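> Numbering-wise, this note's numbering comes out as the position in the sequence shown, counting from 1, plus 355.
Keep in mind that the hints are not guaranteed to be accurate.
[Claimed, not checked] Calculated pairs, DSS-like style, for lysine-lysine (alpha carbon to alpha carbon, straight line, at most 25 Å): (1) 645 / 681; (2) 368 / 644; (3) 740 / 695; (4) 586 / 530; (5) 912 / 867; (6) 923 / 947; (7) 594 / 416; (8) 688 / 645.
It is worth saying that the hints were derived from the structure and are not from the lab.
If you're wondering where the values come from, they're calculated on a predicted model, not measured in any experiment.
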Amino acid sequence: MNIKNIINYCKKKIINDQKKDGHWVYELEADTTIPSEYILMNHFLGITEKKLETRLAKYIKKEQNQDGGWPLFWKGESNISTSVKAYYALKLSGEKETSSIMLKAKKKILDLGGAKNSNVFTKISLAMFGQISWKNIPCMPIEIMSLPNWFPFHINKISYWSRTVVVPLLIILDKKPKAKNPKNINIQELFIKNKEIKTNYGKDSLFYYYLFSLIDKTLRIIKPFFPKKIKQISINKAKNFIINRLNGINGLGAIFPAMTNCTIALNLLELKKEYEISLNSVKNLITHKKNYSYCQPCFSPVWDTGLNGLSLLESGMTLKDPAIQKACKWLEKKQILKVKGDWIQNNKNLLPGGWAFQYDNDFYPDVDDTAVVAMFLDKAGYQKKKIIERACDWIEGMQSKNGGWGAFDKDNTHHYLNNIPFADHGALLDPPTSDVSARCISMLSQINKNKYKKTIQKGVNFLKNEQEENGSWFGRWGTNYIYGTWSVLNALKSSGEDMNSNYIKKAITWIKKKQNSDGGWGEDCATYWKENQNMPSIESMPSQTSWAILSLLTTEKIDDNSVIKGVKFLKKTFNKKDLWIDKRFNAVGFPKVFYITYHGYAKYFSNWALSRYENLKKGNKSNRILGL
356 MNIKNIINYC KKKIINDQKK DGHWVYELEA DTTIPSEYIL MNHFLGITEK
406 KLETRLAKYI KKEQNQDGGW PLFWKGESNI STSVKAYYAL KLSGEKETSS
456 IMLKAKKKIL DLGGAKNSNV FTKISLAMFG QISWKNIPCM PIEIMSLPNW
506 FPFHINKISY WSRTVVVPLL IILDKKPKAK NPKNINIQEL FIKNKEIKTN
556 YGKDSLFYYY LFSLIDKTLR IIKPFFPKKI KQISINKAKN FIINRLNGIN
606 GLGAIFPAMT NCTIALNLLE LKKEYEISLN SVKNLITHKK NYSYCQPCFS
656 PVWDTGLNGL SLLESGMTLK DPAIQKACKW LEKKQILKVK GDWIQNNKNL
706 LPGGWAFQYD NDFYPDVDDT AVVAMFLDKA GYQKKKIIER ACDWIEGMQS
756 KNGGWGAFDK DNTHHYLNNI PFADHGALLD PPTSDVSARC ISMLSQINKN
806 KYKKTIQKGV NFLKNEQEEN GSWFGRWGTN YIYGTWSVLN ALKSSGEDMN
856 SNYIKKAITW IKKKQNSDGG WGEDCATYWK ENQNMPSIES MPSQTSWAIL
906 SLLTTEKIDD NSVIKGVKFL KKTFNKKDLW IDKRFNAVGF PKVFYITYHG
956 YAKYFSNWAL SRYENLKKGN KSNRILGL
């Protein structure tokens, strides 16, 4: 099948995936932590779902590494926290401790130092099930909710995802509940006798380690003397925070960790109605396959619809096509125009105008999604210009002082907070990143380069400062340097940068060096550890190959040998049933902590890359190269 035929087939297949109301949504798959936590939540609450737990257990078992542990991403090293939760979930679901799966897992967990080496989130789960003492959990008093905005630690100083996870967690930490655990299952066999609980915080310096150790010890001493009135006020503030953002079937923050914490917190507060709403939102994330079930971390309809729409426009579709019309109308309805979400804390006078990532998440519009949707609507020629203008104004208002953009918050750069004992996962903040910033620059450049000239230039300067020594750019939300470099090169092209500049040539050279012998590109999630930044490429993936091709095509050199080899790889890996498949994880939630496979990426990015290639062959440069 030649490229034109592949593109035409893709269009038909992708259009067939479109929902009746006009949106697209593809599955998001994470590691086994999510289904494990679902089982743990059930047994904490005393809920029995034997058939479902058996199916979830099948999924957990199939993802086990050869060495007995469970990884953060496919073919990754076994991770202690992921493994402990998987083991406990399997045991709760009925798996015998003496089975080969459990014996292998136990050995690996003990080799990794035992359950005491888990991260804070896992330790909290262990404390809830009475496996370790609450004394081993960092002190996070509920009174945090009553701290003034100027205080070094405040809820508004951390990211959206941290905020929605932490607030219900503060209630849990205050109540120190014990799981119902109907079967009375324990995992004491995973603890090494006389081994101290490991701490893993204060990563930036010994100063932070000793400082926050002292603060933690001090809080434990003085906490009993906090006024009861302040405590009750703080509980009420946490409760109101949750209820105001409960978000119906979409759940608190529309992300799994926040939703499960919320469900448990509402149960502890005996708010029956709200508890049922939250519980149903978690259950809504369960996804059934033929032989097993798993739990999605969230849904991605706005993101998928925007990107899919851009891919179809690239392949020659227009607003005259019903699929594009329907997608535009659905997205129009999803724009957040009335709710001033948490982002308002640093933008008192800014009007809302963004889009969320999920079906509904009005308090937390996503800068990245907003840029993609606005570019799609603009490229499609959607006539309701005020929609796009409102989005542009909101994006401009969300620019941080350093010229970059974070995903959900402005100037969320209180980096010292990643050193507190609670934040041993190192993902408490939402600072500006190259990929998100690039998307905003692309959007503003495409829609009105003259109007937003100063904002764009400030953003471009940020990107120049963020370039890695090897020429690449870090990709915060997609794996990793290939994703970041693709995002940035498109932004630089859109903004009017000279694509023959030395720093851009350096990026192009880096992309070419990363190409595999089969013509494709593949980058491991392990590159999020700085020491692995320059590790060899892994097996080629369609999504990453597409990003690389799109990166190279910003130079408009369609006869480049690397481009031709990449296109051949996509042709070779195409199949009529699935279009393209990414076997490995292709995105990230929190670097070094949580990774994701977007099952739509291989499909619409591959179609996009081939379509861009064909368009440039025709000389159709001016329209197709803008934005993304």
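> All hints, please: hold or fail.
Cross-check of the supplied hints:
1. Between the alpha carbons of residue 645 and residue 681 the distance comes to roughly 31 Å, so the proposed pair goes past 25 Å and is violated.
2. In summary, the hint linking residue 368 to residue 644 is supported, as the alpha carbons are separated by about 21 Å, within the 25 Å threshold.
3. Simply put, residue 740 and residue 695 have alpha-carbon atoms about 21 Å apart, close enough for the 25 Å limit, and the pair holds.
4. Between residue 586 and residue 530, the direct Cα distance comes to roughly 12 Å. Compliance with the 25 Å bound is thereby established for this hinted pair.
5. Of the pairs offered as hints, the one joining residue 912 and residue 867 holds, with about 13 Å between alpha carbons and a cut-off of 25 Å not exceeded.
6. Note on residue 923 and residue 947: the hinted pairing is violated, with a Cα-Cα distance of about 33 Å set against a maximum of 25 Å.
7. Between the alpha carbons of residue 594 and residue 416 the distance comes to roughly 37 Å, so the proposed pair goes past 25 Å and is violated.
8. Taking the CA atoms of residue 688 and residue 645, the gap is about 34 Å. The hint is violated against a cut of 25 Å.
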